[in-house]
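Here the protein sequences line up with chains P and S, keeping their order. The first sequence begins at 0 in numbering that gives the first Met the number 0 and counts up one residue at a time. The second sequence begins at 0 in numbering that gives the first Met the number 0 and counts up one residue at a time.
Worth flagging that the hints you see were computed from the coordinates, not collected in a lab. Hints are not guaranteed to be accurate.
Copies of the same chain are indistinguishable here, so a pair counts whether it falls within one copy or spans any two.
[Unchecked claim] 30 Å max Cα-Cα, derived DSSO-like pairs, lysine-lysine: (1) K98 - K70; (2) K70 - K53; (3) K53 - K111; (4) K120 - K85; (5) K158 - K119; (6) K85 - K111; (7) K70 - K87; (8) K70 - K85; (9) K87 - K120; (10) K87 - K119.
Read off the chains here:
There are 2 protein chains.
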Amino acid sequence: MKFTLDKSYEILERTPSVLRTLLSGLSYDWIVNNEGPDTFSPYDVIGHLIHGEKTDWRDRTIMILEHGTGKTFVPFDRFAQFDASKGKSLATLLDEFEKLRADSLTWLRSLKLSEDDFDKKGNHPALGQVTLRQLLSTWVIHDLTHIAQITRVMAKQYKSEIGPWVEYFRIMNF
Amino acid sequence: MKFTLDKSYEILERTPSVLRTLLSGLSYDWIVNNEGPDTFSPYDVIGHLIHGEKTDWRDRTIMILEHGTGKTFVPFDRFAQFDASKGKSLATLLDEFEKLRADSLTWLRSLKLSEDDFDKKGNHPALGQVTLRQLLSTWVIHDLTHIAQITRVMAKQYKSEIGPWVEYFRIMNF
Chain P
0 MKFTLDKSYE ILERTPSVLR TLLSGLSYDW IVNNEGPDTF SPYDVIGHLI
50 HGEKTDWRDR TIMILEHGTG KTFVPFDRFA QFDASKGKSL ATLLDEFEKL
100 RADSLTWLRS LKLSEDDFDK KGNHPALGQV TLRQLLSTWV IHDLTHIAQI
150 TRVMAKQYKS EIGPWVEYFR IMNF
Chain S
0 MKFTLDKSYE ILERTPSVLR TLLSGLSYDW IVNNEGPDTF SPYDVIGHLI
50 HGEKTDWRDR TIMILEHGTG KTFVPFDRFA QFDASKGKSL ATLLDEFEKL
100 RADSLTWLRS LKLSEDDFDK KGNHPALGQV TLRQLLSTWV IHDLTHIAQI
150 TRVMAKQYKS EIGPWVEYFR IMNF
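Isolated chain P, as found in the complex:
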């Protein structure tokens, strides 16, 4: 499947409401447990997505359009949310993410990007040259894989309760 802006908007637009439907009002245990040391809980993921809206996708798009490969992206802090989310409820984080994402997409639409723009390049600090098409596709995949992660993390909380059925769930060992 080829990247198009329209197909990307279809996903990027709905992620806040998917997360809200998936997580709002859940018990504490479903939300704060993770997969072990240095892994994310569903709560952590929302903070991580917020940090992405604030510092990653938009800034890197601007850098590609304005500076091409003349500048290098600021490395993304994958653990920033552990401080930034402190003291905030999940409901607050879901609201914050929804607002930031809506702003991001309003801004992205205002750019009126063309096919030529998608081929423009930037410099990733670890991966080297990347195109705007790759960046925007990654934004979409990043949303989807974090929803996959959240539901996998939640599923694992019942891993010890399903007895012999565990062998049917390859994902429990991911």
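Model the placement of chain S on the given structure of chain P, informed by the hints.
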């Protein structure tokens, strides 16, 4: 995390609306592509969940409560949806699943299950003895892992578009 009926309802109740929010109105490509031969597309998963509501969770619960290990569960047909869904739109399937799940949970609540009931046993055709607690926990995990599967399958449709970023997404090779 220990199984409780309340924590299980939290997930089982919301799955239809999560799937609706995630999939309604998406382009064809997001919905019908899969991970390769003998794998499910998002569309297939909804049919699979419908088949589970019709033939699996409820029937097996009844069998445990009424017959214990005296009878063996009917094997679940993991591919039934390929025929059963034929000609139906995704919207129709989402509606059907929502209705069936609501009925399942109304019925489950009507049983007024006790802690003693959760220890009751049944016979799985491949796994041997299983408890009602394990069956109900598996129902919850089954929902969550299929949401994880759907979002992973969708993410993979852009795998060829993200360039070098693919190395950051372990899930793309699952």
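(message) Could you work out which of the previously given hints the structure breaks and list their numbers from low to high?
(response) 4, 6, 7, 8, 9, 10
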